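Enquirer: Protein chains in written order, with numbering that gives the first Met the number 0: chain W, 0 to 495; chain C, 0 to 495.
Simulated from the structure, these hints should not be mistaken for lab results.
Keep in mind the model is a prediction, meaning the values are calculated, not measured.
You may find that some hints are simply not true.
Between beta-carbon pairs, the in silico distance windows are [what the hints assert, rightly or not]:
1) C:A99 - W:D274: 58 to 66 Å
2) C:A99 - W:M89: 39 to 47 Å
3) C:E229 - W:E275: 29 to 37 Å
Ideal Cβ placement from N, Cα and C applies to all residues, glycine included.
There are 2 protein chains.
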Amino acid sequence: MREKFRELVKKKNRIYANLELLHWDLETKTPVKSKPYLSDLVAELSMQEYDLFTSDEFINLVENLNKEKENLSEIEKKEIELSMEDIERMKKIPSDEYEAYAKLTSINQGIWEEAKSKKDFSIVKANLEKIFNYNKKFAEYRRKNEKNLYDVLLNDYEKGMDIEKLDIFFNELKKEIVPFLKKIQEKKKSLKEENKIDVPVDEDIQFKFAKYLANYVGFDFEKGIIETSEHPFTLNLNKNDVRLTTNNKKDTPFSTVFSIIHEAGHGIYEQQTGDELIDTLLGTGGTMGLHESQSRFMENIVGRNKSFWKPLYKKAQEFYPFLKDIDFEEFSKQINKIEPGLIRVEADELTYSLHIMVRYEIEKMIFAGEVSIDDLPKIWNQKMVEYLGIEPENDSEGLMQDVHWYCGLVGYFPSYAIGSAYASQIYNTMKKDFDVGKALENQDIKKITDWLGEKIHKYGRLKDTAEIIKKVTGEELNPKYYIDYLKEKYSKIYEI
Amino acid sequence: MREKFRELVKKKNRIYANLELLHWDLETKTPVKSKPYLSDLVAELSMQEYDLFTSDEFINLVENLNKEKENLSEIEKKEIELSMEDIERMKKIPSDEYEAYAKLTSINQGIWEEAKSKKDFSIVKANLEKIFNYNKKFAEYRRKNEKNLYDVLLNDYEKGMDIEKLDIFFNELKKEIVPFLKKIQEKKKSLKEENKIDVPVDEDIQFKFAKYLANYVGFDFEKGIIETSEHPFTLNLNKNDVRLTTNNKKDTPFSTVFSIIHEAGHGIYEQQTGDELIDTLLGTGGTMGLHESQSRFMENIVGRNKSFWKPLYKKAQEFYPFLKDIDFEEFSKQINKIEPGLIRVEADELTYSLHIMVRYEIEKMIFAGEVSIDDLPKIWNQKMVEYLGIEPENDSEGLMQDVHWYCGLVGYFPSYAIGSAYASQIYNTMKKDFDVGKALENQDIKKITDWLGEKIHKYGRLKDTAEIIKKVTGEELNPKYYIDYLKEKYSKIYEI
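Isolated chain W, as found in the complex (with noise of 0.2 Å):
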């Protein structure tokens, strides 16, 4: 039973892997008139996996195995832990309403990318009506002891979450950081900032200093490739081919260098899960908001930080011969700019939690039932004013902005803000190990990889996040670190 158990994970690992290469190539490579036939083909393995996973064989062995756990290995006793939670949601959703569901989300993409460069919610808010009632039906289906029905969502992207923790959480941000702001605010009305570091670069050498910054960083090119693609992501088809993208705009060469780095936080996650995870259900990065903790906190924490580019200014010069005329001084301060925007993607650090609080708070009201479709553009305009102080003119630049509700992912936003707070919390920790500032003027990343390796990449998804956490920083998640990291950094950049 553990061999034939053993057998379809194997097997179901590799329609994994044969998927993410496709959307690979689908994503930056298939010539326009061959996408048709790939993407018939990614549907065609989809269903291949989905019937796997749903047959009454694979359930029946989950449930025997389930029953007989003490005769399991650790890895075993986990994966059948979280197959066990697969089978009881699929149990618990009529498939006739998952398939209607999941036809609506799929045809929906692309009436959201029309009503969007429409500007025109309307297009596209019954079908968002619609996907918000699934999601809503289905979290009653699920719902057990969940104190809200949103809750059953939370848990579904970031396990163990639920709104009493995200509201402490937020309520946190929301005291500190929307005042803090506006003192930043106040303070930039006196400072001539400019925007020195906007500067047009040619894409190839872009792109080649991506791939020095990926590698200085740690990602292995033994076990992964960086290809260019419309919008920056990471995906793996397993711990060795892991495979980064980033998008070199020519106006902006300093969005290329933040986002490879981020990507390279994702991928090196990946790389360094366990071997001995490998066909197993569990050689990947953990919850969602594990994974963003990772990319964030080489995006950020490293990567926007003086120590990093010290070293490494004056090859910073050689690929980007403008920045000779930055001194350095000026260009720590460039790459740490606080300015409120209306686009999440492209908020900076200090503003990026506001832009999900904006939207945790319209998931919940929705779950309550406190608001109406109708009334979402004007809710997400009051709450910019509030935190970030800027309204967007169009809903392209407000509610429909980001795809995921609109394709279905409701909930899974405030794992984004969740990542970045673990990072802090990490980093924390981190600091009280070694003199990570140290390490990142020796060029010595490798002790921060590693730290993070031992600590947290190796387990995959063998131990629960909350777990880890607790393990690696002594406590929950908790916001005073994240804060903390914010006000502490930007005070000092902003003199106040």
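Starting from the known structure of chain W, arrange chain C on it as the hints suggest.
Expert: Just chain C now, with coordinates in the frame of chain W:
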């Protein structure tokens, strides 16, 4: 029954496309530590494809449809005909022997690499003998009314080809080209030929020029892409997804140029197969010889044509600035230099077929039992001296230079020479229809590719090569056109 057949063919094509994508990735992108896993995936999918085509279900289907051919469409008739040939071939070889052979050839590639790098034929000699013996044995099993055993294999790669026809072909070449080459060699003594075009050029620039040229000759980037790889090749998932590679070696920028024009010739052929052949067994190019005729037509008849470069030379100088110091007349000689060398893949247009002749004659001797494996190095070297006037210093630049025999491709080489000959014969007909040189000077390559598309490409595998050649040129393979073409062109260039 016809529906079931269509369904299985579609399924087969999907597995094939998936396999090609995996091969593509393995040759162009796969990180080194991921290669074993993806190679396993290739093995598994190959097995799926094999199982599908050797299943009783498929075989019965084909045999039954073959009995009621009158009800089938033209396309289906041809699909059944080709499938019947495959089935017959398969049935005649005992599967255990075939498996042993497949294993041998698959491991032997690595052994050949080792032997070649160590310049030691003895390492791979025993296996090569086994491979030849298997091929003889399999040919015996399959022999029907073929006059010679070797004919069985020749027919595999070039349907309808046999020793009788090839002897006429190669004897003509020997009679005409060998003395012609000697004349050129004599003339060369009085010339101070310099190599002016092997000037280092940055790989990125070579790659950009390669893309420019592929587009220029008509490769459609909506249905294809170009990447870099160790050895240039073309593969296709289907007619809408054709992938070429180039190897941009810094010191030989014109190797990139002619290799991409060559591969584009293969690629355009695939892209121009008929739309009605999609999802059938016929939606890809014909025999290896016919395919090679299209790549060589593009590389040599088009790409090494003075009229091709005339309107393009300024552009070429933009990509390769060193050309500004070479006047056009001189340039057109530089790209058509004759220089006998030891290595087939580096051979010029004139001497290329002599390399093939060496291989053909040796294969013939092996099948006639006229030579022992121990004598091969000596015979190889003798023939090189006889036809090309030079002698290898070791077997790595002699009979170990090509992988073909060592991985089981026996009877394959002649197709390369036949391809060149077809190209000249087709060119001879094309010139009657319109002024090819003028089309090149007018940058109207489309006139040429449309003609080839209409007369050859659109048929895919619907018609046999012999049938196509006969229909297009009015006669069977005739070496006259090839010999005339070569002698006329190079008499002019070398003024003899």
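Enquirer: Which hint numbers doesn't this structure obey?
Expert: Hint 1 is the one this structure does not satisfy, whereas the remaining hints hold.
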